[in-house]
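Chemist: So you can see what is in the structure, the chains are spelled out below.
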Amino acid sequence: QKEVEQNSGPLSVPEGAIASLNCTYSDRGSQSFFWYRQYSGKSPELIMFIYSNGDKEDGRFTAQLNKASQYVSLLIRDSQPSDSATYLCAFYNTNAGKSTFGDGTTLTVKP
Amino acid sequence: DAGVTQSPTHLIKTRGQQVTLRCSPISGHKSVSWYQQVLGQGPQFIFQYYEKEERGRGNFPDRFSARQFPNYSSELNVNALLLGDSALYLCASSLERGPEETQYFGPGTRLLVL
Chain A
28 QKEVEQNSGP
38 LSVPEGAIAS
48 LNCTYSDRGS
58 QSFFWYRQYS
68 GKSPELIMFI
78 YSNGDKEDGR
88 FTAQLNKASQ
98 YVSLLIRDSQ
108 PSDSATYLCA
118 FYNTNAGKST
128 FGDGTTLTVK
138 P
Chain B
1083 DAGVTQSPTH
1093 LIKTRGQQVT
1103 LRCSPISGHK
1113 SVSWYQQVLG
1123 QGPQFIFQYY
1133 EKEERGRGNF
1143 PDRFSARQFP
1153 NYSSELNVNA
1163 LLLGDSALYL
1173 CASSLERGPE
1183 ETQYFGPGTR
1193 LLVL
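Going down the list, the protein sequences come from chains A and B. In this text, residue positions in the first sequence follow our numbering: the first is 28, and each later residue adds one. In this text, residue positions in the second sequence follow our numbering: the first is 1083, and each later residue adds one.
Careful, some of the hints might be misleading.
To be verified - Pairs of lysine-lysine residues, derived as DSS-like cross-links and limited to a Cα-Cα distance of at most 27 Å, are as follows: (1) A/K83 <-> A/K29; (2) B/K1112 <-> A/K137; (3) A/K94 <-> A/K83; (4) B/K1112 <-> A/K69.
Simulated from the structure, these hints should not be mistaken for lab results.
Please construct the entire structure, taking both the sequences and the accompanying hints into account.
Modeler: Okay, here's the thing in structure tokens:
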């Protein structure tokens, strides 16, 4: 079992729709969770981080964390073609001193 | 302020050779982490350095080594290169280390081993 599993893509949504990206993790020592966006040929850029159970909103993005279910998600409202990218879920374990990334979900937003 | 910088941007080596990749963190950042990203996969953690000491190591063979200098820049060394080492090598820096620290990635070094 992979340490981080992301919903298989690719995911395609029409412009203006809500895109839902999901991630489960197996390491119960995980303390913080991150969503990165990676455009083709570029390095990852941070979208959001979340540490506590519940929802965290930042503009069009909402991250949800449920530590009991070992589940984290990212909702993108009013999706734009510029949101088309690969979205990477990651968690950080302080004791191990490392970040673990999923393999990403590729999102395409069609005009 | 300049972001994380890495050099070189691209590199071609042959099997068995050795390579050194360099990373300069954002000014003031004390932590540097290295990742390997193979096409179609997420970044795989190699090392984290903080205050010039190794603080975390991923599941990579001993052919991979790194160090951090007093100015917080870092080098990643890979010996006895294999074809499978071909990947994008990413460096990320953060102000401190810990669960609340945001990592900022550099543009990466794309290594091709022939």
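Chemist: Is the Cα-Cα distance between A/K94 and A/K83 27 Å or less?
Modeler: holds (14 Å)
Chemist: Next pair to validate is B/K1112 with A/K69; report whether the Cα-Cα distance is within 27 Å.
Modeler: holds (24 Å)
Chemist: For the pair supplied as a hint, B/K1112 and A/K137, confirm whether the alpha-carbon distance does not exceed 27 Å.
Modeler: Roughly 41 Å separates the two Cα atoms, so the pair is violated.
Chemist: Between A/K83 and A/K29, does the CA-CA distance stay at or below 27 Å?
Modeler: The given pair, whose Cα atoms are some 26 Å apart, holds under the 27 Å limit.
Taken one by one, the earlier hints fail for this structure only at number 2.
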